[in-house]
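Take the given structure of chain A and dock chains B, C and D to it, following the hints.
Number of protein chains: 4
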Amino acid sequence: MFFASDNGGPAAPGVIEAIARANEGVAMPYGADPIMDRVREKIRELFEAPDAAVYLVATGTAANSISLACLVQPWQTVYCHRHAHIEADECGAPEFYSGGSKLTLIDGADGKIPPEALQKAIFETGAVGVHGVQKGALSLTNATEAGTVYSPQEVAILCGIAKAQGVPTHMDGARFANALVRLGCSPAELTWKAGVDILSFGGTKNGLLGVEAVILFNPDPAWEFELRRKRGGHLFSKHRFLSAQMEAYLADDLWLGLARRANAAADRLSRGILAASGASLTHPVEANSVFAGWPRIGHRKAQEAGAKYYHWPFDQALDGPDDEPISARLVCNWATSDAEIDAFIALIS
Amino acid sequence: MFFASDNGGPAAPGVIEAIARANEGVAMPYGADPIMDRVREKIRELFEAPDAAVYLVATGTAANSISLACLVQPWQTVYCHRHAHIEADECGAPEFYSGGSKLTLIDGADGKIPPEALQKAIFETGAVGVHGVQKGALSLTNATEAGTVYSPQEVAILCGIAKAQGVPTHMDGARFANALVRLGCSPAELTWKAGVDILSFGGTKNGLLGVEAVILFNPDPAWEFELRRKRGGHLFSKHRFLSAQMEAYLADDLWLGLARRANAAADRLSRGILAASGASLTHPVEANSVFAGWPRIGHRKAQEAGAKYYHWPFDQALDGPDDEPISARLVCNWATSDAEIDAFIALIS
Amino acid sequence: MFFASDNGGPAAPGVIEAIARANEGVAMPYGADPIMDRVREKIRELFEAPDAAVYLVATGTAANSISLACLVQPWQTVYCHRHAHIEADECGAPEFYSGGSKLTLIDGADGKIPPEALQKAIFETGAVGVHGVQKGALSLTNATEAGTVYSPQEVAILCGIAKAQGVPTHMDGARFANALVRLGCSPAELTWKAGVDILSFGGTKNGLLGVEAVILFNPDPAWEFELRRKRGGHLFSKHRFLSAQMEAYLADDLWLGLARRANAAADRLSRGILAASGASLTHPVEANSVFAGWPRIGHRKAQEAGAKYYHWPFDQALDGPDDEPISARLVCNWATSDAEIDAFIALIS
Amino acid sequence: MFFASDNGGPAAPGVIEAIARANEGVAMPYGADPIMDRVREKIRELFEAPDAAVYLVATGTAANSISLACLVQPWQTVYCHRHAHIEADECGAPEFYSGGSKLTLIDGADGKIPPEALQKAIFETGAVGVHGVQKGALSLTNATEAGTVYSPQEVAILCGIAKAQGVPTHMDGARFANALVRLGCSPAELTWKAGVDILSFGGTKNGLLGVEAVILFNPDPAWEFELRRKRGGHLFSKHRFLSAQMEAYLADDLWLGLARRANAAADRLSRGILAASGASLTHPVEANSVFAGWPRIGHRKAQEAGAKYYHWPFDQALDGPDDEPISARLVCNWATSDAEIDAFIALIS
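Residue numbers (our numbering), protein chains in the order written: chain A, 7 to 355; chain B, 7 to 355; chain C, 7 to 355; chain D, 7 to 355.
Chain A extracted, bound-state conformation:
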């Protein structure tokens, strides 16, 4: 009963096998391995983006921060949701990589940036000329930190607002696969066709050991990205082991299958929770996370039985009236089993 995070789950077995297969003889280091050539072509094809620059790094924070640093100057600001990973969970990595840019935090229900709020935030930036920071980049997270998804149309509206004011766009796709399979659209529709310039294309939360691709649909800053990646210590010498993971991930739609399993687990989990007396959802369940509240007594039983997950917000105490609902975040991964979901539901019901 592990719902603390999708990054606690295992890697897909096929990925481990691909690593073992890649371990034959010598290979040119630093991304010059032949597997990377295939990965690059595969991603370009998948995203219908023949000119895209494609790179691999090992963590989502690296993918996001280096990408954003290519889009903003130190004296500019990044527009993002108040709960975005780049704001809340990266210990200031975007500020570090960009040389001290700001993040302009936008509030919105269910983890999403409302168009009018984005419009206002961008418009107001720079109103005092040289005295304030300048318009920088937009960063959207899809699936969001609240377990919801932006549709291609929603992405297009937000990117359109940004682009109309000269603001380039980034998508944090740590859970891109989870969003995509829910929406049923194509990778291109959810990204560059909707106005996304750079995508952090997550793999780690969805079955890899530790690989994220960065896709620059506009390849202009490609060389800058390479230099920033190296300078940040994120260029791997034995790069073939990153390439092999990503190749296996994309082969035979493995990535989509893994995401479907995680999403289905979240669906099952949310249905089960809602069946409990006094339970309700905090956010719609659209990807692999469930945000829900249920009576405190159910939390106590689950945690005594060893269930792992976070109270959300974190400062709700287990002490208190039995029937008062407290809320939590539960994240499923591709390997979350029906059995552990059902066991969990039994405890909280």
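Heads up, a few of these hints could be off.
Identical chains blur together in the list; that is why a pair holds if it fits in one copy or across any two.
Cut-off 30 Å, straight-line C-alpha distance, at most; resulting in silico cross-link-like pairs (DSSO-like, lysine-lysine) [to be verified]:
hint, residue 1, residue 2
1, Lys126, Lys314
2, Lys314, Lys48
3, Lys199, Lys307
4, Lys199, Lys126
5, Lys199, Lys169
6, Lys307, Lys169
7, Lys307, Lys48
8, Lys126, Lys48
9, Lys169, Lys314
10, Lys314, Lys199
11, Lys169, Lys48
12, Lys169, Lys126
13, Lys48, Lys199
Please keep in mind that the hints were generated in silico from the structure rather than gathered at the bench.
Then chains B, C and D, alone, in the frame of chain A:
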């Protein structure tokens, strides 16, 4: 015939197996996995350093840069050899992580810093008070970039000079195992007993897929290291896959055996080269690299036959008199075979 | 009729004379001039702080940013009001000087941070451990950006909340003199006795050409301040010309007299505005700024007659119904005359 | 007998008067004052550069660092002489402003960069691709730190080498006037006509209180310069007092006259020293600095009589044989009198 770099070689098969074994069920992320607990204890035991703080990152540049950032302020300088990896091969990563510190470059034969030159460099720093940068940290590389090794006594002399002036010390041990097995001393003798405060303990060049340990013998900056690691995007969510590599590396002295194989290959290679007419060594061969010169005709034959290695310095042309010697760097890894060495020797003789 | 900013006003004549007097013969540069010795002692005496470290810089942004950089690490955050100068008007200088720290913005009426909001903001920082930025420093502005003042007791409450959680404190006193004369307390009561660690003690807005003192009541980071000042290009070679300004400023309570004049002008101005039909104050008038609204027709007349000030917020248009009030910020300086105030009032009434 | 530095000297009286004149009524802040309009036009005319962007800052370190930050990326390197002010005397300000770029130090006699050494340094940069820092900017100092001057032809050769490899150019002209009057060429000939992109045009060492102009002959990075200046805390609110200094400096060729006086003083000083037994020059005297050695006994007498100057190098002791020469740096300013020079000469002869 691949001598371009030790990072072109494969991982040790046992390491891949350890990764596969680690892929069971869920594990707490970000270094809270039980394998990391064992790794931490093993390294403390191995280095006779029960209080050391131990962390894993995936690249040598990350290990070096984050370590140095914990030892220097932005307005200080790092003393290192002119050819140190941190100066020549990390695209300014130490400057990036430290917030803009300087590197004070020291010349010395065979990749080593002469004590008197270090003494002078440190002494002169800060002579103009607030107008100049201040004394920062010493960084030694062992084995050096010239394929030589510092003995424990040499390390102690250099660290002693630094410590006497309040300068903390770092060792870039990307090839620490290669130095250690050549010297036959203990890990503690080559590090903290000789005055080293932080060690970048390399694994990637010696048979891992991509893991380096950082050992803070003085654990005072441990929390700072953790924050800098996270902020740099180098804290792995599925950390168990780093832990598993390091555990396998240290088990049954695998790391020492791998280094002995690489060193023995370099010895065989250097003996073969020296037997060729007109050949000579540029540096003593003390680890797994061979720096040597031999007639141009031998280079041509080797390269036509597909041998991979770098001219050193890089700007020597293949065009020119047949018998004029040009020099090169040849690096062996744990998997370099006698057969490819002998084939190479046959070509250049 | 210039109310755009207090920094548009002239310097006090006595300050110019002091500069002329300082221009005799040679003087040791970089703060080693004898005038600076006197300034240091004068400030220590004035603030009853015999151990304070005292430095001069030429701009408020430099004073604030270098001070904050001495109090926060790059991975920490600065707590400040959403409308603080350090957030809104310094183009990211605090982020630049600190190496990329965050600013946590706190809302509050009349430019002031509510204690409970500060308590909450600090308490929540670091809740996700290494994943989020850490507790940094508190920065208060007094007089505030809304023209109000914090009393010594209010400062003490806020600094107490900070200190109880290990958070050091900074006061942006660009208009410190204006606050002080309104409150009638001592400089010490409004600063270190209330828990302030570093004060940016403004002079430029109150009659100097361009000098601000930085007073480190806790002198521990004094040397770091000196290095950061130099590294930021803010250490003046011909420092005596800064020293002379500050000496003249403090002599015979000139600084207090100038602030009293500016405050009295703001009082007269606000009384006049309030007498106009349809006028009201946006914030209490407690220093030298007036935030008020009055009918649009009055704005048109004033601006046609050449009055200079800013609409506040900036995006209110002059086009529109005559009698609809729109709001503005009007700032008086020590040289604002009754005549120009009365002329202005006549136009808007 | 003050020869410690030209920045210990007074300001020219006319400059103080100009400041007093500027102190009339209100003025728009931040460079929007009408005096600045005249300064901008005057500098464009003087330099025959109608499109140049012109800004004022208050220190040479600010002028140099902000200029260089506009020319280099964090992962690039600045080529400069080993003894350049930006390397030796700015506490790492260029690294700070640029976000961590390197400085590549070039040795050369008499403070000058030899063309072939520059060619080699640039050519070698980037030889290891993404692993090393990249080609950045050239920074020349004129007059040099050794008191010599580059001729227009010498500047053109060095800038030509840089430009041919895509490297933009900066001139640190803290003592530009001293070089210019020695050479007898036009400001344009010594700068943009010889390939200089940005000039730090010094005033502080030559009679101002604290003002340097930055002239961007190629105005492309003008807005970036403005933002970096603000973000660095170097945009002055009461800017008119900087403008007034620069206007007075340029009026009636005051700046040239002041530099001629300082140079003449250095000439007189060097002639006097050379007449002493056992004396010799360390560098040719071409601007307002004298680098010379003479017997220790003469140093003792001069210093006992209160003469101020620096041993150069700094670590030569006054204790030792009387007749052994030790060397020093002596800097004259516009107000250095014949009487103090002659008094000094009398002591050391």
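So, going through the hints one by one against the coordinates:
1. Proximity of Lys126 to Lys314 under the C-alpha cut-off of 30 Å is restricted to the inter-copy arrangement: shortest distance 27 Å between copies versus 40 Å within a copy.
2. Only between protomers do Lys314 and Lys48 lie at most 30 Å apart by alpha-carbon distance; the minimum there is 28 Å, versus 37 Å within a single protomer.
3. For a Cα distance limit of 30 Å, the shortest separation of Lys199 from Lys307 qualifies neither inside one copy, at 47 Å, nor across copies, at 51 Å.
4. For the homomeric pair Lys199 and Lys126, the shortest alpha-carbon distance inside one copy (24 Å) is at most 30 Å, but the shortest distance between copies (42 Å) is not.
5. Taking CA atoms no more than 30 Å apart as the test, Lys199 paired with Lys169 passes inside one copy only; the shortest distance there is 13 Å, against 40 Å between copies.
6. For a Cα distance limit of 30 Å, the shortest separation of Lys307 from Lys169 qualifies neither inside one copy, at 50 Å, nor across copies, at 39 Å.
7. Taking identical chains as interchangeable, the C-alpha atoms of Lys307 and Lys48 are never at most 30 Å apart, the minima being 47 Å within one chain and 37 Å between chains.
8. Proximity of Lys126 to Lys48 under the C-alpha cut-off of 30 Å is found in neither arrangement, the shortest distances being 39 Å within a copy and 42 Å between copies.
9. Taking the shortest alpha-carbon separations for Lys169 and Lys314, neither the intra-copy value of 42 Å nor the inter-copy value of 35 Å comes in at or below 30 Å.
10. In this homomeric assembly, Lys314 and Lys199 never come within 30 Å of each other (Cα to Cα): the closest approach is 39 Å inside a single copy and 43 Å across copies.
11. Taking the shortest alpha-carbon separations for Lys169 and Lys48, only the intra-copy value of 28 Å comes in at or below 30 Å, while the best inter-copy value is 40 Å.
12. In the homo-oligomer, the alpha carbons of Lys169 and Lys126 lie at most 30 Å apart inside one protomer (14 Å), although the nearest pairing across protomers, at 36 Å, exceeds that limit.
13. Taking CA atoms no more than 30 Å apart as the test, Lys48 paired with Lys199 passes inside one copy only; the shortest distance there is 18 Å, against 52 Å between copies.
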